[in-house]
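Enquirer: For the protein sequence lines, the chains are A and B, in the order given.
Sequence positions in the first sequence follow the numbering used here and run 1 to 378.
Sequence positions in the second sequence follow the numbering used here and run 1 to 294.
Wrong hints could be hidden among the right ones.
To be verified - Think about it this way: if two alpha-carbon atoms lie no more than 27 Å apart in a straight line, the pair counts; the simulated DSSO-like pairs of lysine-lysine are:
hint	chain 1	residue 1	chain 2	residue 2
1	B	Lys34	B	Lys148
2	B	Lys239	A	Lys306
3	B	Lys291	A	Lys130
4	B	Lys34	A	Lys130
5	A	Lys304	A	Lys84
6	A	Lys13	A	Lys197
7	B	Lys239	A	Lys304
8	A	Lys14	A	Lys87
9	A	Lys238	B	Lys239
10	A	Lys238	A	Lys86
11	A	Lys238	A	Lys13
12	A	Lys130	B	Lys225
13	B	Lys168	B	Lys145
14	A	Lys276	B	Lys266
15	A	Lys238	A	Lys332
16	B	Lys239	A	Lys377
17	A	Lys207	A	Lys157
18	B	Lys168	B	Lys43
19	B	Lys288	B	Lys230
20	B	Lys239	A	Lys276
21	A	Lys197	A	Lys14
22	B	Lys145	B	Lys34
23	B	Lys34	B	Lys142
24	A	Lys238	A	Lys226
25	A	Lys130	A	Lys14
26	A	Lys170	A	Lys154
27	B	Lys142	A	Lys130
28	A	Lys232	B	Lys239
29	B	Lys230	B	Lys291
30	A	Lys238	A	Lys197
31	A	Lys14	A	Lys306
32	B	Lys266	B	Lys194
33	A	Lys226	A	Lys14
Said to hold, decoys possible - Estimated spans, in silico, between C-beta atoms of each pair:
hint	chain 1	residue 1	chain 2	residue 2	range
34	A	Leu144	B	Glu66	38 to 48 Å
35	A	Ala133	B	Gln284	55 to 65 Å
36	A	Arg237	B	Gly42	20 to 30 Å
37	A	Glu348	B	Lys230	30 to 40 Å
38	A	Leu144	B	Glu191	16 to 26 Å
What the hints contain is simulated information worked out from the structure, not anything from laboratory work.
Here a beta-carbon is modelled for each residue, glycine too, at the ideal position from N, C-alpha and C.
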Amino acid sequence: MNLYEYEGRLLFKKYGIPVSDSGLASSPKEAKEVAERINPPYVVKAQVLVGGRGRAGGIRFAKTPEEVEEAARRILGMTIRGVKVKKVLVAEKVDIEQELYVSFIINRGSRTIDLLVSPLGGTDIEEIVKERAESLLRQEIDPLLGLQEFMVRKAFKHMGLSKQLYGDFKVLVSSLYRLFVEYDCELAEINPLALTKDDELVAIDSKIIVDDNSLYRHPDLLELRKERVRSKSELERKAELYGLSYVELEGYIGILGNGAGLTMATMDLVSYYGGKPANFLDIGGGATRERVEKALSILLENNKVKVVFINILGGITRCDEVARGIISALEKYGAKPVVVRMIGTREEEGKRILENEGIHVLDSMEEAARIAVELAKG
Amino acid sequence: MAVLVDKSTRLLVQGITGREGSFHTKLMLDYGTKIVAGVTPGKGGSSVHGIPVYDSVEEALVEHPEVNTSIVFVPARFASDAVLEAIDAGIELVVVITEHIPVHETLRFVRYARYKGARIMGPNTPGVISPGLAKVGIMPEKVFKKGKIGLISRSGTLTYEIAYAISKAGLGVSTSIGIGGDPVVGLDFIEAAKLFLEDDETSALVVIGEIGGDAEERFASFLAKGGFDKPVVAFIAGKTAPPGRRMGHAGAIISAGRGTAVEKIKALKNAGVRIAETPSQVPQILFKVLKYLR
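Given the sequences, and given the hints that come with them, work out the whole structure.
Expert: So this is what it looks like as structure tokens:
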């Protein structure tokens with residue numbers, strides 16, 4: 001789960017990481033009211049989960065609450081990389097001497113938690129790292145031992161900050177590590193971390209990604225997630241309610257598979273034969289007839305879907321259960337052309353159920369994909 | 001020969017009394033896997049399909065010191081504890097079937113395993129099968145025929161699909177290893193490939209990857225260093241996956257433009273790996289490289 005900047009700032013505050021004064025607004029008027037509580041000058045930032053908002057015009061500066069209102073009016077409702085801006089953050093614009101970078105991230109390769117620091121932070125961090133790789137210091141933390149002080153000292157030295165800042169830096173880095181572990185993060189990033197003209201360290205932006213598998217132990221985040229679900233498409237919400245992995249795409253061939261890898265490979269194959277997949281929908285392992293029925297109902301209700309391609313390779317998933325689910329979904333939600341490829345556990349039974357209803361079942365995934373593409377074009 | 005599991009495997013099933021644990025215990029027994037004991041805390045003294053159940057791994061090992069492998073079906077919230085218990089008891093290979101384990105817990109038990117000299121497979125893996133010898137997992141055995149191809153995969157059903165294509169073409173598998181669909185896993189492509197390199201009965205490798213992370217890229221740079229003299233064929237799923245969306249597996253997400261299928265395919269190609277565009281192309285390419293070997 002990706003957190004918005006303002007959500008990350010709340011976590012920073014909770015862990016004692018200094019952040020600039022700020023407030024959230026969903027209308028220009030609200031933005032002005034927020035500004036009246038904060039010292040000028042201001043910065044108004046679009047709250048979206050995609051990068052590049054600065055370049056897209058999603059960040060504006062203002063000197064007065066009236067200017068904040070105007071800035072918010074321009075930003076709210078704009079679209080950044082396909083995402084509509086619904087909220088802005090109004091923050092005190094900090095007088096920045098230097099922009100730094102600090103983050104913790106899970107390193108899949110070494111299976112460690114890595115501390116990354118750079119004295120060259122800011123929005124262009126990725127290009128900076130490409131051009132000046134030595135500016136980024138990466139230290140691998142043993143997840144059983146945790147962050148050690150010698151690592152903090154090394155990071156501090158790399159930053160080249162004046163010595164009297166060490167205490168503040170140590171507290172900040174240690175707090176961010178605690179947040180990272182306690183909130184089950186995959187990434188916790190402060191970029192930029194500002195060194196102000198008054199020699200203070202202040203977090204200016206946050207980027208936090210929390211492990212979805214750990215959300216059950218973070219009731220505060222589960223609440224936020226509920227709101228996220230509301231912003232999805234109706235069918236995506238329905239899928240989430242059913243506990244199905246469903247992602248909508250641009251095409252017109254509905255895809256239903258068991259297992260993430262196979263479902264992705266099915267999408268790829270449709271595209272290989274010149275078709276366009278309308279979605280990713282994984283019913284998972286061992287799906288019951290009810291689960292299959294619910295899953296298929298989503299594709300039958302999606303108007304963009306012209307043909308449904310069901311690809312099942314039964315292991316713990318039983319073909320007869322899937323077949324029964326297909327039949328009842330087609331009865332309840334209205335028929336669309338369906339191409340079924342089904343092999344594995346209880347394959348004969350599954351085939352018999354479908355063929356009794358006039359649905360031909362194929363053995364070959366390639367052949368089924370070709371037929372689905374032809375049907376959709378025909 | 002085969003790698004990781006064979007006739008010498010003596011298996012412990014953790015979470016044996018649960019629905020999945022009990023169901024797959026039966027299937028593994030039917031396949032001929034030597035299961036000697038099961039563990040479910042609080043259920044000690046009972047039995048499942050004739051296999052004695054113990055309250056703890058330690059107690060099971062007192063009665064069955066020959067146990068060398070464990071398979072974990074314990075639900076996500078308690079799985080980490082079960083894995084640590086198995087490592088602590090000195091079991092060499094722990095196969096973690098459970099999905100949805102918090103990633104920080106995986107980080108810790110994978111690390112602990114390294115210190116204790118144990119090997120972790122998974123989490124979120126279908127397990128491992130050496131056709132004709134032993135099955136320690138949940139895969140449908142029917143699609144796996146005995147042969148000389150080593151299989152390594154991040155996925156479940158896609159592995160079965162490709163194993164099925166390989167079998168249909170008249171080839172077979174020495175061992176099929178599921179490394180798991182989570183972002184952090186124990187055994188990875190590189191370590192699994194090294195096992196196959198040592199195995200005389202494995203003449204070629206099939207690697208099944210997917211979008212997200214950099215496991216395939218790391219494997220490619222390992223191959224590029226040289227010294228791996230068995231041919232490798234790869235299939236990468238997720239060419240049509242959009243960025244920023246999780247495609248089922250926790251590990252399958254393209255973030256900030258990294259971990260795309262295109263990048264992975266490019267890295268693998270540069271390392272001399274032959275790429276299959278569709279599952280059924282895998283055996284076709286295998287025929288070419290094996291013929292060339294002969």
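Enquirer: None of the hints should be skipped; say for each whether it holds.
Expert: Now the hints, each set against the structure:
For the hint pairing B/Lys34 with B/Lys148, the CA-to-CA distance comes to about 23 Å; that is within 27 Å, so the pair holds. Note on B/Lys239 and A/Lys306: the hinted pairing holds, with a Cα-Cα distance of about 22 Å set against a maximum of 27 Å. For the suggested pair B/Lys291 and A/Lys130, the alpha carbons sit about 43 Å apart, so the restraint of at most 27 Å is broken. Taken as a hint, the B/Lys34 and A/Lys130 pair is broken in the structure, with Cα atoms around 53 Å apart against an allowance of 27 Å.
For the proposed pair A/Lys304 and A/Lys84, the alpha carbon gap of about 22 Å is at most 27 Å, so the pair holds. Only pairs whose Cα atoms come within 27 Å are accepted, and A/Lys13 paired with A/Lys197 is accepted, the gap being roughly 21 Å. For the hint pairing B/Lys239 with A/Lys304, the CA-to-CA distance comes to about 21 Å; that is within 27 Å, so the pair holds. Between A/Lys14 and A/Lys87, the direct Cα distance comes to roughly 22 Å. Compliance with the 27 Å bound is thereby established for this hinted pair.
Taking the CA atoms of A/Lys238 and B/Lys239, the gap is near 26 Å; set against the 27 Å cutoff, the hint holds. Between A/Lys238 and A/Lys86 the CA atoms are separated by roughly 23 Å; this keeps the pair inside 27 Å, and the hint holds. At most 27 Å may separate the alpha-carbon atoms for a hinted pair to count; A/Lys238 and A/Lys13 exceed this at roughly 35 Å. A C-alpha spacing of about 23 Å is found between A/Lys130 and B/Lys225, which places the hinted pair at or below 27 Å, so the restraint holds.
Between B/Lys168 and B/Lys145, the direct Cα distance comes to roughly 9 Å. Compliance with the 27 Å bound is thereby established for this hinted pair. Between A/Lys276 and B/Lys266 the alpha-carbon distance is near 23 Å, which keeps this suggested pair within the 27 Å criterion. Straight-line distance between C-alpha atoms of A/Lys238 and A/Lys332 comes to about 17 Å, which keeps the hinted pair within the 27 Å bound. Simply put, B/Lys239 and A/Lys377 have alpha-carbon atoms about 22 Å apart, close enough for the 27 Å limit, and the pair holds.
For the hint pairing A/Lys207 with A/Lys157, the CA-to-CA distance comes to about 24 Å; that is within 27 Å, so the pair holds. For the suggested pair B/Lys168 and B/Lys43, the alpha carbons sit about 43 Å apart, so the restraint of at most 27 Å is broken. As the CA atoms of B/Lys288 and B/Lys230 are separated by approximately 13 Å, the hinted pair is consistent with the 27 Å bound. The suggested pairing of B/Lys239 with A/Lys276 holds, with an alpha-carbon distance near 12 Å, which does not exceed 27 Å.
Pair hint A/Lys197 plus A/Lys14 holds up; C-alpha atoms about 25 Å apart against a cutoff of 27 Å. Taken as a hint, the B/Lys145 and B/Lys34 pair is honoured in the structure, with Cα atoms around 19 Å apart against an allowance of 27 Å. About 19 Å separates the Cα atoms of B/Lys34 and B/Lys142, which keeps this hinted pair within 27 Å; it holds. The suggested pairing of A/Lys238 with A/Lys226 holds, with an alpha-carbon distance near 13 Å, which does not exceed 27 Å.
Our distance criterion of 27 Å between C-alpha atoms is broken by A/Lys130 and A/Lys14, whose separation comes to about 33 Å. Our distance criterion of 27 Å between C-alpha atoms is met by A/Lys170 and A/Lys154, whose separation comes to about 11 Å. Restraint check: the Cα-Cα separation between B/Lys142 and A/Lys130 comes to about 49 Å, which exceeds 27 Å; the hinted pair is violated. Among the hinted pairs, A/Lys232 with B/Lys239 is consistent with the structure: their alpha-carbon atoms are about 23 Å apart, no more than 27 Å.
Distance hint between B/Lys230 and B/Lys291 is fulfilled; the C-alpha atoms sit about 13 Å from each other, no more than 27 Å. Between A/Lys238 and A/Lys197, the direct Cα distance comes to roughly 51 Å. Violation of the 27 Å bound is thereby established for this hinted pair. Using a Cα cut-off of 27 Å, the hinted pair A/Lys14 and A/Lys306 is violated, with the two alpha carbons roughly 50 Å apart. Taking the CA atoms of B/Lys266 and B/Lys194, the gap is near 22 Å; set against the 27 Å cutoff, the hint holds.
With a CA separation close to 21 Å, the supplied pair A/Lys226 and A/Lys14 stays within the 27 Å bound. The hinted range of 38 to 48 Å is not satisfied by A/Leu144 and B/Glu66, whose Cβ atoms lie roughly 30 Å apart. The given range of 55 to 65 Å is broken by A/Ala133 and B/Gln284, whose C-beta atoms sit roughly 41 Å from each other. In this structure the hint that A/Arg237 and B/Gly42 lie 20 to 30 Å apart at CB is violated, the actual value being about 39 Å.
Restraint check, A/Glu348 to B/Lys230: a C-beta distance of roughly 38 Å satisfies the suggested window 30 to 40 Å. Checking the proposed 16 to 26 Å range against A/Leu144 and B/Glu191 shows it holds: the Cβ atoms sit about 20 Å from each other.
The structure fails to meet hints 3, 4, 11, 18, 25, 27, 30, 31, 34, 35, 36 from the earlier list, while all remaining hints are met.
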